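Novice: Numbering (my numbering), first residue to last: 1327 to 1996.
Misleading hints may appear alongside valid ones.
Said to hold, decoys possible - The list that follows gives simulated cross-link-like pairs (lysine-lysine, BS3-like), each with its CA atoms no further than 25 angstroms apart:
1) Lys1628 with Lys1681
2) Lys1879 with Lys1931
3) Lys1702 with Lys1690
4) Lys1487 with Lys1406
5) Lys1406 with Lys1381
6) Lys1381 with Lys1681
7) Lys1660 with Lys1702
8) Lys1338 with Lys1931
9) Lys1681 with Lys1660
10) Lys1702 with Lys1681
11) Lys1690 with Lys1966
12) Lys1702 with Lys1490
13) Lys1931 with Lys1897
14) Lys1347 with Lys1416
15) Lys1931 with Lys1971
16) Lys1481 with Lys1406
17) Lys1338 with Lys1561
18) Lys1702 with Lys1928
19) Lys1897 with Lys1879
20) Lys1347 with Lys1970
21) Lys1690 with Lys1743
These aren't lab readings, by the way, just hints derived from the structure by calculation.
Only a predicted model underlies this, so the values are computations on that prediction, with no experimental measurement involved.
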Amino acid sequence: MDLTKKLTLPGKYCESLTHYKRWLTREVQIGDVPMGGTHPIRIQSMTTVDTMDTKGSVEQTLRMVEAGCEYVRITAPSIKEAQNLAEIKKELLKRGCKVPLVADIHFTPNAAEVAARIVEKVRVNPGNYADKKKFDQLTYTDAAYQAELERIYTKFAPLVKICKEYGTAMRIGTNHGSLSDRIMSHYGDTPEGMVESALEFIRICEDLHYYNLVISMKSSNPQVMVQAYRLLVEKMVAEGMNYPLHLGVTEAGDGEDGRIKSAVGIGTLLEDGLGDTVRVSLTEEPELEAPVARALVNRYVKRAEQVLEINYSQEIVTNSKLIVENLGSRHETKEVNAFIGGSMVPRVVADLSNKRLIDPMVLKDIGYIYDPLLDKYHMGDQSVDFVFFGDNLPSFTMPGNLKQVYNFATWLGLTNKENAHPLYTLHDYINASERDTNLNLVRIFHDDLESEAFENLPMDQTLVFVLETRQLHGMADQREFFVKLRSWGLEMPVIVKRSYDPVEFSGPVGDMMSPEEPISKLQLYAATDLGGLLIDGMGNGIWIDAASIPTDKLASASFAILQATRSRISKTEYISCPSCGRTLFDLQETTQMIRSRTNHLKGLKIAIMGCIVNGPGEMADADYGYVGAGPDRVTLYRGKEVVKKNVQSADALNELIEIIRADGNWVEFA
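Produce the entire structure from the sequences given, and follow the hints as far as they go.
Specialist: See the structure below:
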């Protein structure tokens, strides 16, 4: 098979929107570990120690390789670091490690030209390799813009020629946070600007007959990241390109938030067969990133094997075209019971049907704290909206703003139906002798849309669907459901339910095992499956069903998914970089310190950057920024505006809080 041939895609941006099929990209040789084509999706990460610390870099690289990294990236901010890559490589070879090394370059073409003679791959950022970013608004004539492109060609071409000569691969990596003033002025702060920034460099490479390229479109906002990659593939196909894709959400953060934000962006694209290598950017030790990336990727190894056995009909192709026509527009619904649908934020459902319902403290796991002295409940920004009891009846009074859901037969027998609503099967709802006058939930599957039962379904103003799936490629199956509803003009709200068998969480994440791994896998899988729909405006609520996972973890993951997709903001958001050899302070410790003082500021976005490389740009997506400026020095931002320079590290957090307070955005702890 010719993997370099020009391709056309039947979908808008991928091989198929209805079943799993990986986009076939060009094979790129990176040392002894090729990427793209029919090769496995590769795993990589980046060192965090000073590049001049040869021993530290070698030891960390070995830990990363043991954890599953197939490529290791190391920063080279100047010529001296680029030169030291040779020493790091030599020591690794002495230890029997041949992992391909990638030099990470920003601002310094001369360092890139040195590194390209040493390592197997270099990464350049079009936004700061030959351009600049000062947040200036620039105006160009056509001739002046062309002159800028010629200037970039002259500055970039020497690196391309060195890579050709030495057989070195290159990643052209656009970052949303570091688009140049020229691109921003011409295209705006848009996915289109991100894509064009990369294409300019790709076209130079092709003009010089160099094709050993990998492309990335990273952002700290998963919505922007997904849109940019989709548009990139469209544009590449239109120009006869099929370069491998490096997937990543930059500055994702740590813990649950970092994993879920990463999975929303990376998983959404993997679902549609895009991606040839993955880097999960966590504000944690780099060897902890590879197992998370591996857990994301491994789902599609199994899926690719099983999908080969399925024969897809012409109807599937027709549905794919229908999805293409509907992508990019929000699924509009009517509002039911002044609570769900319409302009309401997506709702969260929790399942307590298997709990002992004799003590109101059981509701603590879903965000309702009972105060026995006052005989009242306290709720917060992450209190769930619906609780499913099934056939289980609580023996205590419920919070007034928590909607109870019961199986239809049990609901029928309730003496007090206030704030209690039935869950039906499709047939139960059609044949029901009694229905709720306010809100009725009906379980439904995509296949039901073609059934006689669905044709007989009463379409009234109280109906809410609970959408489930039996399919291996469940996100695509549920996406088709939404598209059909839209094409038929049906506007009832939809709660998306995903159920996970405990078997799915068995075994290690990657090659490492810990007690947290079933929870980590749940976070990754649910963020992929539900986040992929929410990114495209599909879903008025989410219901994660996983009996093996603690209820509080399911509730927390639900709100984190809504936050990552910008569907419902319920907490402070931290845009935190994963650290590297450029970092000027302990990023993990600093992130936790800032989080401990500010995590009650619902809706604020605070960026914590180790250095200036992506700092100013990512500040544009954050309300406030804390950026390393030098040893023991921090620069504080409001958006993209510098507020205070070179603040001593010991004083920086208090100074940041004072800025937030002066802006009227500070609230005291409750």
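Novice: With reference to the structure, classify each hint as holding or not holding.
Specialist: Going through the hints against the structure:
1. Annotation: proposed proximity of lysine 1628 to lysine 1681 is violated, straight-line Cα distance about 34 angstroms (limit 25 angstroms).
2. With a C-alpha separation of about 23 angstroms, the suggested pairing of lysine 1879 with lysine 1931 holds against the 25 angstroms cut-off.
3. Restraint check for lysine 1702 and lysine 1690: satisfied, since their Cα atoms lie roughly 13 angstroms apart, inside the 25 angstroms limit.
4. Note on lysine 1487 and lysine 1406: the hinted pairing holds, with a Cα-Cα distance of about 22 angstroms set against a maximum of 25 angstroms.
5. With a CA separation close to 16 angstroms, the supplied pair lysine 1406 and lysine 1381 stays within the 25 angstroms bound.
6. A hinted pair counts as satisfied when its Cα atoms are at most 25 angstroms apart, and lysine 1381 with lysine 1681 does not qualify at roughly 53 angstroms.
7. Of the supplied pair hints, the one linking lysine 1660 and lysine 1702 is violated, its CA atoms being roughly 33 angstroms apart against a limit of 25 angstroms.
8. Straight-line distance between C-alpha atoms of lysine 1338 and lysine 1931 comes to about 32 angstroms, which puts the hinted pair past the 25 angstroms bound.
9. For a cut-off of 25 angstroms, the pair hint linking lysine 1681 to lysine 1660 is broken: about 33 angstroms separates their Cα positions.
10. Taken as a hint, the lysine 1702 and lysine 1681 pair is honoured in the structure, with Cα atoms around 21 angstroms apart against an allowance of 25 angstroms.
11. For the hint pairing lysine 1690 with lysine 1966, the CA-to-CA distance comes to about 40 angstroms; that exceeds 25 angstroms, so the pair is violated.
12. For the hint linking lysine 1702 to lysine 1490, the alpha-carbon distance of about 71 angstroms lies beyond 25 angstroms, and the restraint is violated.
13. Using a Cα cut-off of 25 angstroms, the hinted pair lysine 1931 and lysine 1897 holds, with the two alpha carbons roughly 9 angstroms apart.
14. Between lysine 1347 and lysine 1416, the direct Cα distance comes to roughly 40 angstroms. Violation of the 25 angstroms bound is thereby established for this hinted pair.
15. For the suggested pair lysine 1931 and lysine 1971, the alpha carbons sit about 20 angstroms apart, so the restraint of at most 25 angstroms is met.
16. For the proposed pair lysine 1481 and lysine 1406, the alpha carbon gap of about 20 angstroms is at most 25 angstroms, so the pair holds.
17. Between lysine 1338 and lysine 1561 the alpha-carbon distance is near 10 angstroms, which keeps this suggested pair within the 25 angstroms criterion.
18. This hinted pair checks out: lysine 1702 and lysine 1928 have alpha carbons roughly 24 angstroms apart, not beyond 25 angstroms.
19. Annotation: proposed proximity of lysine 1897 to lysine 1879 holds, straight-line Cα distance about 16 angstroms (limit 25 angstroms).
20. A hinted pair counts as satisfied when its Cα atoms are at most 25 angstroms apart, and lysine 1347 with lysine 1970 does not qualify at roughly 50 angstroms.
21. With a C-alpha separation of about 23 angstroms, the suggested pairing of lysine 1690 with lysine 1743 holds against the 25 angstroms cut-off.
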